[in-house]
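K.L.:
If you're matching them up, the sequences are chains Y and H in order. Start counting the first sequence at 1; every next residue gets the next number (the numbering used here). Start counting the second sequence at 1001; every next residue gets the next number (the numbering used here).
A couple of the hints might just be wrong.
[Unchecked claim] On the chain H side, residues computed to face chain Y include the following (Cβ under 10 Å):
1) GLN1006
2) GLY1008
3) ASN1041
4) LEU1044
5) LYS1049
6) LYS1100
Honestly, the hints are just simulated from the structure, not real lab data. This structure is a prediction, so every number in the text was calculated from the model and none was measured. Quick reminder that beta carbons are idealized off the backbone N, C-alpha and C, glycines included.
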Amino acid sequence: DGGITQSPKYLFRKEGQNVTLSCEQNLNHDAMYWYRQDPGQGLRLIYYSQIVNDFQKGDIAEGYSVSREKKESFPLTVTSAQKNPTAFYLCASRGGLAGAQNEQFFGPGTRLTVL
Amino acid sequence: AQSVTQLGSHVSVSEGALVLLRCNYSSSVPPYLFWYVQYPNQGLQLLLKYTSAATLVKGINGFEAEFKKSETSFHLTKPSAHMSDAAEYFCAVRGSSASKIIFGSGTRLSIRP
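Assemble the whole structure, with the sequences as input and the hints as a guide.
P.N.:
Written out as structure tokens, the structure is:
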């Protein structure tokens, strides 16, 4: 049963703490993505990775960091430098070549709340 | 640059009525277009996609969308709304970096009994 898993579903963090969100996929996809979703603003790209050991900043990378040591895993760390981290975080993956018309597949999301 | 505009952040229709969610795009390359649906506190699920094979694209759950190049539109329709269609809908276009997708701001669809 292929898909994308994100854990935990809900996460609470105190101000000043770093926190890591997990994203795992067993679809054998090369590309993986992290988005942030706020009410009324759609999805904004944080980081993406097209291949293992390589990743690029998206539109709102400040205060976030990622790693891509394995094809199936793309964890996102929300650092204390992120000024307003409370949001819904979505991980996605995409198969095929970069120019292909393949869609992105999404995980169920992690809702992060800073207390 | 690629962009997507969804007209109407909230659309409300009666059960059994036509659903029409509007999407206009801008793209400097031949567009690949997508519609996704998101139910509360869940991830996004692909409804359908346009990849130049046919201008009328049929998707899941009875939805379809028509690509109109002259109008730069890709509106989503469903002939008869069901209560289970209540969700957020996102239109998206392939980005200038082909590995990225640009999402619209979303349209929340409500269904009245």
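K.L.:
Among the hints numbered above, which are violated by the structure, and what are their numbers in rising order?
P.N.:
2
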